[in-house]
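Read off the chains here:
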Amino acid sequence: MTLAWLLRRFFTVLYTLLVVSVLVFGLTQILPADAAVTLLGENATPAALAAVRERLGLGDPAWLQYWHWLSALLQGDFGTSMRTSQPVGPAMFTALGRSLLLGGASLVVMLVIAVPLGMWAALRRGKAADLMSSLVSYLGVSFPEFVTATLLLIVVADYFQLLPATGYVPPGEDLADSIRHLILPVVTVSLIMVAHVSRMVRSETIDVLNSDYIRAARLKGLPPRTVLLRHVLRNALLPTVTIVALDVGYLLGGIIVVEEIFAIPGIGRALIVAITSRDLPSIQAGAVIMAATYAVANTLADIAYVLIDRRIRYD
Amino acid sequence: MTDALHRLLRTPQGVLGLGLLAVLVLACLLGRSLAPYSPEAMDFAGRFAPPGARHWFGADQLGRDVLSRLLVGASSTIPLAVAATFSGALVGACVGTLSAYLGGRWDEAITRTIDAVMAIPHLLLALILVSTLGKGSTNAALAIAISVAPSMARVTRSVALSVRQQDYVKAAIARGEGAGWIVLREMLPNVAAPLIIEATIRVAFAVMLFATLSFLGLGAQPPASEWGLMISEARRFMHQAPWILVAPALAIATTAICFNLLGDGLRDALNPRDER
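So the protein sequences, as listed, match chains F and C. Counting in my numbering, the first sequence runs from 1160 upward without gaps. Counting in my numbering, the second sequence runs from 11 upward without gaps.
Derived from the structure by calculation, the hints contain no laboratory data. For clarity, every value in this text was computed on a predicted model and none was experimentally measured. Ideal placement from N, C-alpha and C gives every residue a C-beta, glycine not left out. Warning: the hint list may mix true and false statements.
Chain C regions said to be covered by chain F (calculated; three or more residues, Cβ under 8 Å) [as the list claims (entries may be wrong)]:
(1) 65-72
(2) 104-111
(3) 117-127
(4) 130-139
Simulated restraints on C-beta separations [to be verified]:
(5) F:Leu1294 / C:Arg185: 29 to 39 Å
(6) C:Ala203 / F:Leu1290: 37 to 47 Å
(7) F:Ser1436 / C:Arg20: 47 to 57 Å
(8) C:Ala93 / F:Gly1263: 51 to 61 Å
(9) F:Thr1161 / C:Ala32: 40 to 50 Å
(10) C:Ala32 / F:Asn1369: 18 to 28 Å
(11) C:Trp191 / F:Ala1324: 54 to 64 Å
(12) F:Pro1329 / C:Arg246: 25 to 35 Å
(13) C:Leu40 / F:Gly1216: 27 to 37 Å
(14) C:Trp191 / F:Ala1287: 29 to 39 Å
(15) F:Val1181 / C:Leu36: 41 to 51 Å
(16) C:Thr264 / F:Leu1290: 36 to 46 Å
(17) C:Leu40 / F:Leu1290: 31 to 41 Å
(18) F:Arg1214 / C:Ala32: 54 to 64 Å
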């Protein structure tokens, strides 16, 4: 990993954020015929509309509006919420923290389930266990998060009353209760990813098992356990890192829905509230922050990939 | 084409997927006449009727027959998702092929921009679009089409790069054909097969995305019997009558499974290298 490569990667992230900011701003403020009407609705009084136009600078040319917005954003000013009249930035970043907790926990749970499941299916290829795992993955990718979440609510929270149905408890307040509240959301978000990643691990493991170096390791007389953990696992995990990075996109989408259903005050829920109350600055801030999170996560995955795989040398 | 169908029918996924597809197409075309009741017929005495001989899948909070609503709802869920996916795929395919044809700096710029757009998760992009365009089925479908396009452009580009090197494309360039002709008439038809596979799998995503938007109140509007909307309305009554919710949930999952199976089957059928 050279400095030049890191720099190029850094500029790619910058370009991504630039395109995202243009898209988000253009779609929310420039594209609508009159953003003031979008904000206040069809029945707003002319005076109120004029006031909003003045405040958002809607009379200015599009590029100037964008420039004002972007330069404020770069100074950490995400604008003022139209709904609460509070600064948008701090509220969004607090919400992002809760979402990252949910997302991070889901990623860990997903890896803990998906990797052994995929390897197990590969080792028992064509047997009942393999069929079971492909069934799980077909079901996993075919249930949208809102369906899984609602079904889990009915069965686990409502019928058996094993876990609380909705709500969020900060981990600092009561750790056990916090975890109990997180279980159902985490299961929902990780299910689709378990399906993707276990399939990926399965096919990679099958490829690795058929390779010459595994045959060599076996012929050398290494115990099967060592071969599996030291050689197969490591090589099968490499391509998995890439698919996990791509899956962060699904993760973010899933988080939006899951937060809404389980009433978790994260960034996804904040975004939905912003959209339903037409709170333009909050929509823009939420969208940019989420996309930025995704871009950064992807870059970190790229770097992790290079660190794990010594064979890859980007120049 | 018939050859591909034959091969599709030789894979287990293909058979199962085509079977489910036949059921879904039937529901979309004949749903209204197959439905035992009118989807909007209310029956207050029969509210929350559990599944039974009268109502196979039960009745909802207004006494409407769930099976009838599902059957009629099929035509307001599936065709829109399919149309959105394939129109988005077509736009993406044109951009991807053009990018591969142009090559060099243009290709680099287009690819980087596509990657940047893909940094916005599908659901988020669709949400932003719907918040601008206004809620409703048509706008939701448009938003889905737009959010499908970038990833399809990327898939297409990678295939089109190898097509670009083929002799018939070089011949067309040597003949002095215009860029539009080469992209649309020479290259695009030759990237169609992998594109169709990819698009078929995306239909499963589109169905789920569309249902999700309706669930969030931004897609189909009441009293439509779109499946995501049915689930959203049924949530309040899930304690008394879980079947109102489970039936559309299974319908969505079945549709997604159908297109996932078809996509996998097509991949095996159209990919001669992969015969195992």
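Each hint tested on the structure:
1. Under a criterion of three residues with beta carbons nearer than 8 Å to beta carbons of chain F, the stated coverage of the segment 65-72 of chain C fails, only 0 such residues being counted.
2. A count of 0 residues in the segment 104-111 of chain C with a Cβ less than 8 Å from any Cβ of chain F is obtained; the coverage claim is therefore unmet, three being the minimum.
3. Note: the segment 117-127 of chain C has 5 residues with beta-carbon separation from chain F under 8 Å; the three-residue rule is met and the coverage holds.
4. With 8 residues having a Cβ less than 8 Å from any Cβ of chain F, the segment 130-139 of chain C passes the three-residue criterion, so the hint holds.
5. Restraint check, Leu1294 of chain F to Arg185 of chain C: a C-beta distance of roughly 53 Å breaks the suggested window 29 to 39 Å.
6. At roughly 28 Å, the beta-carbon separation of Ala203 of chain C and Leu1290 of chain F lies outside the given 37 to 47 Å, and the hint is violated.
7. For the pair Ser1436 of chain F and Arg20 of chain C, the supplied restraint of 47 to 57 Å holds, since their beta-carbon distance comes to about 54 Å.
8. In this structure, Ala93 of chain C and Gly1263 of chain F break the distance hint of 51 to 61 Å, their C-beta atoms being roughly 38 Å apart.
9. Distance hint check: the CB atoms of Thr1161 of chain F and Ala32 of chain C are about 56 Å apart, inconsistent with the given range 40 to 50 Å.
10. Distance hint for Ala32 of chain C and Asn1369 of chain F: a CB-CB separation of about 38 Å, inconsistent with the stated range 18 to 28 Å.
11. The hint said 54 to 64 Å for the Cβ distance between Trp191 of chain C and Ala1324 of chain F, and at roughly 60 Å that hint holds.
12. Evaluation of the 25 to 35 Å hint for Pro1329 of chain F and Arg246 of chain C yields a pass: the beta carbon distance comes to about 28 Å.
13. Checking the proposed 27 to 37 Å range against Leu40 of chain C and Gly1216 of chain F shows it is violated: the Cβ atoms sit about 55 Å from each other.
14. About 55 Å separates the C-beta atoms of Trp191 of chain C and Ala1287 of chain F, a value inconsistent with the hinted range of 29 to 39 Å.
15. In this structure, Val1181 of chain F and Leu36 of chain C meet the distance hint of 41 to 51 Å, their C-beta atoms being roughly 45 Å apart.
16. The beta-carbon spacing between Thr264 of chain C and Leu1290 of chain F, approximately 19 Å, falls outside the hinted interval of 36 to 46 Å.
17. A C-beta distance of roughly 34 Å is found between Leu40 of chain C and Leu1290 of chain F, which places it inside the suggested range of 31 to 41 Å.
18. Distance hint check: the CB atoms of Arg1214 of chain F and Ala32 of chain C are about 56 Å apart, consistent with the given range 54 to 64 Å.
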